[in-house]
Structures are given as C-alpha cells and as structure tokens.
Amino acid sequence: MSSNIITLDHGSGGKLTMDLIKMFTSNFGKNNSIEMTDSAVFDSELGITAFTTDSYVVNPIYFPGGDIGKLAVCGTVNDLAVSGAIPKYLSCAFILEEGLSIDELESIVKSMSKTADSAGVSIITGDTKVVEKGACDRMFINTAGVGFLQKKHKLIGSGANVKPGDKILINGNIGDHGLAVLSIRNSFTNDIKSDCAPLNNLIKNCLAVNDSIHFMRDATRGGLAAVLTELSEKVNFGISINEKNIPLAESTRGLCEFLGFDPLHLANEGKVIIVAGDGWKEILKTMESHPLGKESRVIGTIVDRYPGRVVLETEIGGSRIIDIPAGMQLPRIC
Amino acid sequence: MEVCGGHTTSIHKFGIPSLLPDNIKLLSGPGCPVCVTSRYFIDDALECSRTENIILTTLGDLIRVPGTETSLYKEKSAGRDIRIVYSVLDALQIAKDNKDKKIVFPGIGFETTAPLSAAAIHQAQETGLDNFYILSAHKIMPPVMKALITEGVKINGYICPGHVSVITGTEIYKSIVEDYKLGCVVSGFEALDILQSIYMLVNQIEKNQPALENQYTRAVKKKGNKKALAMMNKVFETSDDWWRGIGTIPGSGLSLKSEFKSFDARQIFNPVERTESEEEKGCICGEILKGFKTPADCPLFSHLCTPVNPVGACMVSGEGSCATWYKYKREAV
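Quick note, the sequences are listed as chains U and V, same order. Just so you know, the first sequence maps onto residues 1 to 334 in my numbering. Just so you know, the second sequence maps onto residues 1 to 333 in my numbering.
Just chain V, with the same shape it has in the complex (with noise of 0.2 Å):
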C-alpha cells in the first residue's frame, strides 16, 4: 500500500500499474489529506467564512471538496471572499495587507504542512499579528497506518511517504516493522524510486524478513527535519481526530496549544460542535481509503462521483484514489 497521495498520482501518471506483473498490486491508503477530511470542517470553514469581515484563504484542492450542503468553491462563486493561495505564508501575507479584516486558513495536511502552518502562527505572533487564525484539520501519519493494520487491511508491506518522512525522518516507522512484522519503505515520487522501493519490499517479503528500509535517501535522513519539528512541537499538540471513512483514530490529529488559543480559528469563530454522520449513500471512499476495496468496486465511480460532480472525498483531490483512477484507469486499455 502506498500510503501518500503523491505517490498515487505519480503511480499513475507513470502508468506503473500497467507494467507489474499480475501477483503485485498496489493498494492506495489514506495519505491524502482532502480525503480524509470531514465534510464537517468544510462546513466549520464554510461557517467561518460567513462571519463579517472575514477573508477565507485556502489551498485550492480543498475548494472543491462538498461540505452537508454546499462546498466553498459554490459560496466563492455567490459572492464570499474565499481566495485561492499556494502556501499558508500567502494567507499570512493577505493578513498582513488587510489588517481591518480577520484572516482564517484551513490548515489540512500531515507532517508535511503542519511544521509551516507552525511557522505560519509562529511568524504572526512574532510581528504580533492580531487577524490571522488556522482552523487545522492537520493530522500525523503513523497512528492512522498502525489503524489499518489494526482493522485487518490485507497488505503485505508499506511504501512509505516520502515528503513526511523529510520532516519526520524514517523512525516514526520502526513500531510497525516490529509491533505488526509489516515491511515498510520510504520512497521518492519519481518512476524509478517507486520501481525500487517495490522490488525492495518485494524482496523482503520473499526473504520474510519485514524491515525498515529508506529508499529516498537524498531527501530522507534518519532524523528527519529537526527544525520544523521542533516549530511543529511548539505550536501544536496531538488530540484524537476524525479520519474520513476511517472513524476517530486516538492521538491522530494536530490541535494548537492553549498558549495559541487567540490564533485557533475554532476557539475565536466557535463553529458548532457536530456529531460525524455517514458518508453519502453508496459511497465507499472508507473502503477504499482502507484498501478493503478499489473505485472500480464502487457503484456511483465515474457515472454518479465524477470530478465534475464529485459525492466522495476521493473523487475532489487531484492526490484522491477515484480522481487518480478516473483520470488514468478508467478502463484498462
């Protein structure tokens, strides 16, 4: 199972599948961040976006992604101040610029865009800016990949994701190696390193000998990013969370800490408290993202869940297992 989104995409974009031999087949887990997203933070951030005087700033995956009832790309269209940017240092620098207005970022993402959310709060506190706030949906990776396994997912080994394992390093890891007797590779996102990364899991479980093996070497050190863990440390705490199709997995999720309360967009705009209901009728984006089932198996996949008219999480990011499929699988050829 490739856990990471990125290498999704990069699977298919390179047409990986298309070349493995018919024994190997490769699972896409729950590594990105707009499908694990609740459709309740779509409407906590829609719900922010309401309030006067704010400006909404985000990451353009997330625009498309529905909420209950409508998603942030349709309000956008009516007339909200909802703006694209490509960094949460971009809706930093709106805030900045429009001090009169109270600045709300959706923070999504793993280990990978948590430490710059950090420095994101970190900066604004610095320049004592008072109109910047992240509503964070962030998440770490290593507790949903131990629930998986926990949950019975039929894999043989992981590939790891390569960019959190550029700020984590590769020992977040070890425990599922030695807990759960499961291989694990850390992998780049280029044909090759992903070529590899699989013949080195393949030979490990040929050998049975699971291991911990770190393919992306000229990226990935043992130790990881020191700083921007630290930075990611400092401002933020782990809580338990809810992981779309996946339930609540304890000790998952990023929440800021008390002393960063004024820049906590659900301590100041206070949307409700809700309680997780089911996913939309039909939809097996849980399957899916757990690796029980592919979109192939879905029975909405490319007639009802198109990325026009998207029902599923999958279906909205470029990085989700139904877009990836429906762009580059739809039908084999």
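The shape of chain U in the complex, shown without the other chains (with noise of 0.2 Å):
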C-alpha cells in the first residue's frame, strides 16, 4: 500500500526503514566492504576509525528530560561509543526556519555544548542554513561524529562474536523517551522523563573492565525489540527474554497500557544493549556502579534454539515472540 511513496512508516525505524537502507546501501556500498551498523568501523591513517552522521527533527524540541541539542549530541555520541569507539569530534548542520527566535537557537546551542563537555568531545565544525516558514518545524539538526577504537573492539558493532550462553543486559528502564515526547505533545499529564543521555562513559568503562562484550547497540527508534530482532536476525541464534526483567517504570507501564503501545517497541535515548559472555557478572557490576546504569538488569540469554527469533517469557510464564514493529507508532520522536 505504501510501496511508491514516503510514508512516516519509512522513518519509524521498524520494517520500511530497513527497506530504505538496504536501497541506500545497494547503491552506496557497491564498492567497499565496510560492515553497516550504527557507525562505518574501519582502518583509515588515524588508526581504526568509527564514523556516524544522524539527523534531529524531534517536535517539541524542548521535552522533558532534554531538547533537540543534547538530543543531537547523544545521539551522536552513544552511535560511536556502541560500536566500540571512544568519540572524540562532532560536526553540527543547523537547518533553521524563518522566524525562529535567536534566544531559542541559543538556548538550544548551550545545551548541545553542556551535553558535549560532559560526553568529553568536542564540536569542531558545522553549517547553518535558513528555509522559508513552512519548510521545516523550527529547527532540524545534523551532527556527524568521529571516534577511535581498540583493535580487539573492531567486531564489537557487527556481533560476529556472539555465541549461545551469552548474557543480554541493559542499563535501566525501557520507553521513556518516547512516552515523553508523546506525551508533551498530547499534553499528558505525568512524570515520565525522557533517558535522553550520552553512554560513552558507562560503556568505556565496561569495555575496560575485561573483553567480554561481543555486541552494543542503543535502542532508539523501533525500541528494545528492534535491536534484539535484528541482533537474532543478523548471527543466526535465537534470543529469550524475560519479561520480568525488563526494567520499565510504573508510570510508563501504565500509560503503555492505556494507549495500547508496546513498551518493548517504544525509542530510548540513553539505553545500551550489550550482549557479553563469560564475564558478564563484572560488566553488570560496571554498569550498576555508573550513574546511568542504576537500574542495569541481565533481560536475556543468546540460545542456540530457534534462530533468527526472539522469544519473550511472559510474567506468567507463557511464551511469545518479539518482532520487529511493522510500521510507525509515534510519529517523529527523536
């Protein structure tokens, strides 16, 4: 039904997403053989290099728990540091619509530079270009960003190294920015703050604590359930999840519950996935002791049943399987 034209379903992160990055990539990536994950990995003159560029079109740009600028930042930020890499510089293109109030951008620039000092990177360079009313929501942002990895850290983005028996953990709880966003546009009432947050320093010192990690990933759009499909998807295992495992607030259950989303498919913006293997108990440690990663729970275990699926436990003990979602179910939240 929506094969010939965009549709917001193409920027939802779910199934049409991935539709449109594999035309991208069938047209870009003819001719190199570079792995596509969150960010390019790859052996340039600086070292081993990780790459990413992302786009911000959050409506509202002030939500709370954060705004478009760290929102920016963070994204940007976390997409290096989950394939591995210490971030180090970032770019930032500022398309701005007419009539904006300057106090407004300056505002929004100061917090992309508070969030850029406590994530230890710098932004170097950038653009700025001015539309008519009309040709954009007030303001969309674009960071690019550069980092450096270890050698032994070069698989990490790819999961060529997951195997059977490997533990699935996750810093805390699930959904929260996306009922945020949700909810300052509908104008709901209540306390659910967006997780919006720069991981780069929770997951540096995870990697330092011993080389367990096989994969990262921070589950943004398409939630906890599109990294774990695709995860299944890509090395061929299958995952089991816990439901009662899964950390989510009780008032991000309960308004899940009466808009009927799913929290497994709601966007996070301050949440890592990592799958480690034998020494897992001391990562989970390393996260617990960050002040990002309080809530850090074990969620899953890599199973060499049922490949390609992700199977979740219920809190009742019965069983079902987790997909991907097919299309959107919050318009642009991040």
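Fair warning: there could be bad hints in the mix.
[Unchecked claim] So the derived list for chain U, only partly shown, Cβ under 10 Å to chain V, looks like this:
| # | residue |
| --- | --- |
| 1 | 8 |
| 2 | 9 |
| 3 | 186 |
| 4 | 312 |
| 5 | 315 |
| 6 | 317 |
| 7 | 318 |
| 8 | 319 |
| 9 | 321 |
[Said to hold, decoys possible] 27 Å max Cα-Cα, derived DSS-like pairs, lysine-lysine:
| # | chain 1 | residue 1 | chain 2 | residue 2 |
| --- | --- | --- | --- | --- |
| 10 | U | 129 | U | 193 |
| 11 | V | 261 | V | 226 |
| 12 | U | 163 | U | 234 |
| 13 | U | 244 | V | 13 |
| 14 | V | 76 | V | 96 |
| 15 | U | 133 | V | 96 |
| 16 | V | 99 | U | 133 |
| 17 | V | 76 | U | 133 |
| 18 | U | 133 | V | 101 |
| 19 | V | 227 | V | 261 |
| 20 | U | 163 | U | 204 |
| 21 | U | 110 | U | 204 |
| 22 | V | 234 | V | 223 |
| 23 | U | 22 | V | 76 |
| 24 | V | 99 | V | 261 |
| 25 | U | 193 | V | 223 |
| 26 | U | 244 | U | 163 |
| 27 | U | 88 | U | 204 |
| 28 | U | 234 | V | 13 |
| 29 | U | 154 | U | 285 |
| 30 | V | 25 | V | 207 |
| 31 | V | 261 | V | 101 |
| 32 | U | 151 | U | 281 |
| 33 | V | 222 | V | 174 |
To be clear, the hints were calculated from the coordinates, so they are not data collected in a lab. For each residue, glycine too, the CB sits at the ideal point set by N, CA and C.
Each chain sits in its own coordinate frame; assemble them with the hints.
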C-alpha cells in the first residue's frame, strides 16, 4: 500500500526503514566492504576509525528530560560508543526555519555545548541554512561524529562474536523517551522524562573491565524489540528474554497500557544493550556503579534454539514472539 | 470465543495460548472495530477528505486500513489534511480552533466509543459549533454475537467484552444465554482476569449450566453506565449495518437520529451509495471473524498479507486477529 511514496512509516525504525536502508546500501555500498552498523568502522591513517551521522527532527524541540540539542549530541556520541569507539569530534549542521527566535536557538546551542562537555567530545565544525517558513519545523539538526577504537573492539558493532550462552544486559528502564515526547505533544500530565544521555563513559568503563563484550547497540527508534530482532537475524541464534526482568517504570507501564503501546517498541535515547560472554557479571557490576546504570539488569540469553527469533517469556510463564515493529507507533520522536 | 479485540491482544501478549491444555482453544471474534469496518467506509472517509476545506481527523488504527483503492495514510502522505487524534474530543477541539474549516471524524467502534461520539455531537450542539461532523460506522455487540451462533460457529462459550460491558452492563448478554444456551462471562483484561474467565466458562461447560457471569466486577455493573447509555441513545438510533466478512446484520449499526442530521457527514457530504462487494481474492478475514478459521489457515497470511502490506482489515489493526497472530505467534516455538 505504501510502496511507491515515502510515508512516516519509512522513518519509524521498523521494517520500512530497513527497506530504505537496503536501497541506500545497494547504491552506496557497491565499492566497499564496510560493515553497516550504527557507525562505519574502518582502518584509516589515524587508526581504526568509527564515523557516523544522524539528523534530529524531534517535535517539540524541548521535552521533559532534554531538548533537540542534547539529543543531537547524545545520539551521535552513543552511535560511536556502541561501536566500541571512544567518541572524539562532532560536526553540527542546523536547518533553521525563518521566524525562529535567536534566544531559542542559543539555548539549544548552549545545551549542545553542555552535553558535549559532559561526554568529553568537541564540536569542531558546522553549517547553517535558513529555509522559508513552513519548509521545516523550527529547527532540524544534523550531527556527524568521529571516534577511534582499539583493534580488539572492532567486531563489537557487528556482533560477529556473539554465541549461545551470552547474556543480554540493559542499563535501565525502557520506553521513557518515546512516552515523554508523546506526552508533551498531547498535553498528557505525568512524571515521565526522556532518558536522553551520553552513554560513552558508561560504555568506556565496561570495555575496560574485561574483554567479554560481544555486541552493543543503543535502543533508539524501534526500541528494545528492534535491536533484539535485528541481532537475532544477523547472528542467526535465538534470543530468550524474560519479561519480568525488563526494567520498566510504573508510569510508563501504565501509560503504555492505556494507549495500547508495547514498551518494547518505544524509543529510548540513553539505553545500551550489551551482549557479554563469561565476564558478564563484572560488566553488570560496572554498569550498576555508573549513575546511568543503577537499574541495570540481565534481561535474557542468546540460545541455540529457534535461530533468528526472539522469544519472550511472559510474566505469567507463557511465551510469545517479539517482532520488529511494522511501522510508526509514534510519529517523529527523535 | 473472545469477542473483543482488546482481549485478543491481551491473550497473546500474556502468552495464554501456550499455557492452555490442548482441549481448550480460544477463537477470536468480530470485536475489533477496524476489522469489521467496510472498505467502502474508508472510501467514504476518503471522499470526505477530498472535499474542499476539510480536515479529516481519525483514530490512528483506521489510517492504515485499505479502502478499495487507497488508504487514509497514503492520502495523508500525498498531502491531504488528515490528522491522527486520540479521541473524538480532540477532533472537536480542532473544530473549535479552525472555524473556517469543516472537521470530519469517522466514528468507529462499539458501545465503548459511541457514547463519546454522542457526547461530542451534544457538545457541538450546545456550543453552537457548526463545522463538526461524524461519519458513523458505530456498531453494537449483541446482534453480531447472536448472528455468529445462527451462522453455526462452533464455540462453547463467549468471553464477553469488558469495556463494552462497562457502558452497557451485563444484561445485554442475557438472551444469548437464555435463547442459545451458551455461557457468557464478562472479562477484564489482565492475565488473571482472562484465565479466571476461561476457568468460569469451563466450570459452566462441565456442569452443563450455561450462565451469565461477571468476572470483571471491579469495573462492570449490571446496569452499566446509565449516563453514557442515555447520551448514546439520545444521539444514535439502531440501523442495519454491514460487517466486513459477515455481511448485513439487522439492527447492528448506529446512525445519527434525524434531529442531529446537521452533524451527520453522510448527510452533508453525501458520499455515493455503494453496494458491498466480495473481499480481496484469497482473504479469509470473514471466516476468521466468524471463528471458522484461524489466520494460520489463510493462504495469504504472513507472506502476501503482513502488517506493512495488509490485504484484509484483520491485519491492519493492532487488535486484529491476523496482526496479533503475526506479532506474537507466527510460528509455534
């Protein structure tokens, strides 16, 4: 039904987004063998380099727990960090709508600067374009980032070392970003705040503790479900998840039930999924000792049954398949 | 059979089928409003949206439902002013904020949502709002539950819809028990609610004593919500209505009473009369809605008919039987 034009579903992080990515990579990726993950990881004159870019169009630009500027820094820093890289340099490009207040723009810029400082990255180049009223929604931001990684971490983004028995860890409550943005857009009153945060320091600590991390990914659009289903298909193992171990705030659970949303499909902006081998207990401990990982949990295991499928054991002991969301659950949230 | 789409979703979300013994099977009935909505209703809504100066407001689920040629979603992407709202009252607010536009809300759903549509019309009338219209495909539950039995569906009892019953009370199922000797248990939506309801039905079946029981006592009262019922009855009257996959069921629809015709999109925008045609070739939504077949029996299921490219309406709604099977149960593990 939506095969010949772009619909909002194409930007939802679900199946249609994957179809678009395939179209891009079939055209752009002909002459290189770079693994397509959140960041491109490649050998360069500067060492093993991770490079990524992302655009931010969140509406509204301020939301509980963050703003578009903070998001633009965190998103790119996190895409580098989950590839096993230490993020270093960012670019930022603004597309501004005619009529935007300069004070508002500066407050977003200050927020970016503060977030970059806390993440230990430098914003070193940028661009500005202004478009006519209505041609964009107040402001869109693109950031690109570069980071460097050690040779032993090169396969983390691809998950090539993932094997049955590995544990799946997450650093806290899921779904808060998606619902915080939805709530402010629809004037729902609640205490849900976006989890938007730079994860690179937490990840750096985990990488330093031992060499058992086999895969990392930040669960943004498409949520935890998208990360797990993509991973299971990619590594061709099954994933077994236990519902009662998935951290979820009561207010998020309640609003999800009310609106009929699945929290597994909701966007996060400060959650990393780590798949770790034998040393997972130390990794979990390290995550828990970081302010962004106090609620860290083991949520599941890589298994050699049902390859390519994610199966969730429900709170009452039943089981069901977890699938990648088909399309838009919430419009434009990151 | 669970009639309500919300129950179907809960049943699969909690993984209840994987816990039941082989001799207890749950069939999904026609209680997902999107699934029973005719393709021509979508065509009517599309026709309204093409009228000049219109804002078409819709609940999210309806937006992906295919009409005969296109869907609201595709039309929205092509530039029509079609907006997703969370309630008919949001649509009313849009009408208040855009007095120079005409706002149409396609009203779907059963006794749960019909009182809200009625309240919106009532409010529009009270406040003198003359740019708000409802295209009603509202339906009521008891006639279809009886029609299924008449058509020969093989079930041993009904898990009756919880939210509908909050409004209607439990008495509407009384004649199903008395006339058809089929047990009815009104159920809540938590895992334990549903398991208890199944247990209550099994008890009735074992004792051969079909009865009307209320498991959802914390929300459902015998007489229902009198205020909501009064509002619904003030604005709507029953009429014959078409159910996708089932056909016309006498007295199963809700149309606006003549004194509210100035709010009736069907009267104002006068979409052409259409005769219902057959479903898409191969689609067995009708058989699934009637409980004769499951999505696993459908030749189109999961390869030609998926949530991204739905052929039948049961695949469109998150509460539809096919979408629920696709999401939670595609292959037994």
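### Message
Need the status of pair residue 151 (chain U), residue 281 (chain U): alpha-carbon distance at most 27 Å?
### Response
holds, 24 Å
### Message
Between the alpha carbons of residue 25 (chain V) and residue 207 (chain V), is the straight-line distance 27 Å or under?
### Response
holds, 19 Å
### Query
Has the given pair, residue 234 (chain U) with residue 13 (chain V), been kept, meaning a C-alpha gap of at most 27 Å?
holds, 25 Å
### Message
Would the hint on residue 186 (chain U) be counted as holding, given a Cβ-Cβ threshold of 10 Å to chain V?
### Response
holds, 6 Å
### Query
Close enough to count: is the Cβ of residue 315 (chain U) nearer than 10 Å to one in chain V?
holds, 7 Å
### Query
Are the Cα positions of residue 154 (chain U) and residue 285 (chain U) separated by 27 Å at most?
holds, 24 Å
### Message
Does residue 9 (chain U) hold up as a contact with chain V if the rule is Cβ-Cβ below 10 Å?
### Response
holds, 8 Å
#### Entry: Hint consistency between residue 99 (chain V) and residue 261 (chain V) [alpha-carbon to alpha-carbon, up to 27 Å]
Roughly 19 Å separates the two Cα atoms, so the pair holds.
### Message
Tell me if the straight-line CA distance from residue 22 (chain U) to residue 76 (chain V) falls inside 27 Å.
### Response
Between residue 22 (chain U) and residue 76 (chain V) the Cα gap is close to 25 Å, so the pair holds against 27 Å.
### Query
Is the Cα-Cα distance between residue 163 (chain U) and residue 234 (chain U) 27 Å or less?
holds, 12 Å
### Message
Would the hint linking residue 261 (chain V) and residue 101 (chain V) be met if the CA-CA limit is 27 Å?
### Response
holds, 19 Å
### Message
Check whether the Cα positions of residue 99 (chain V) and residue 133 (chain U) lie no farther apart than 27 Å.
### Response
Distance ~23 Å between residue 99 (chain V) and residue 133 (chain U) Cα, so the pair holds.
In summary, the structure is inconsistent with hints 10 and 25 from the numbered list given earlier, while agreeing with the others.
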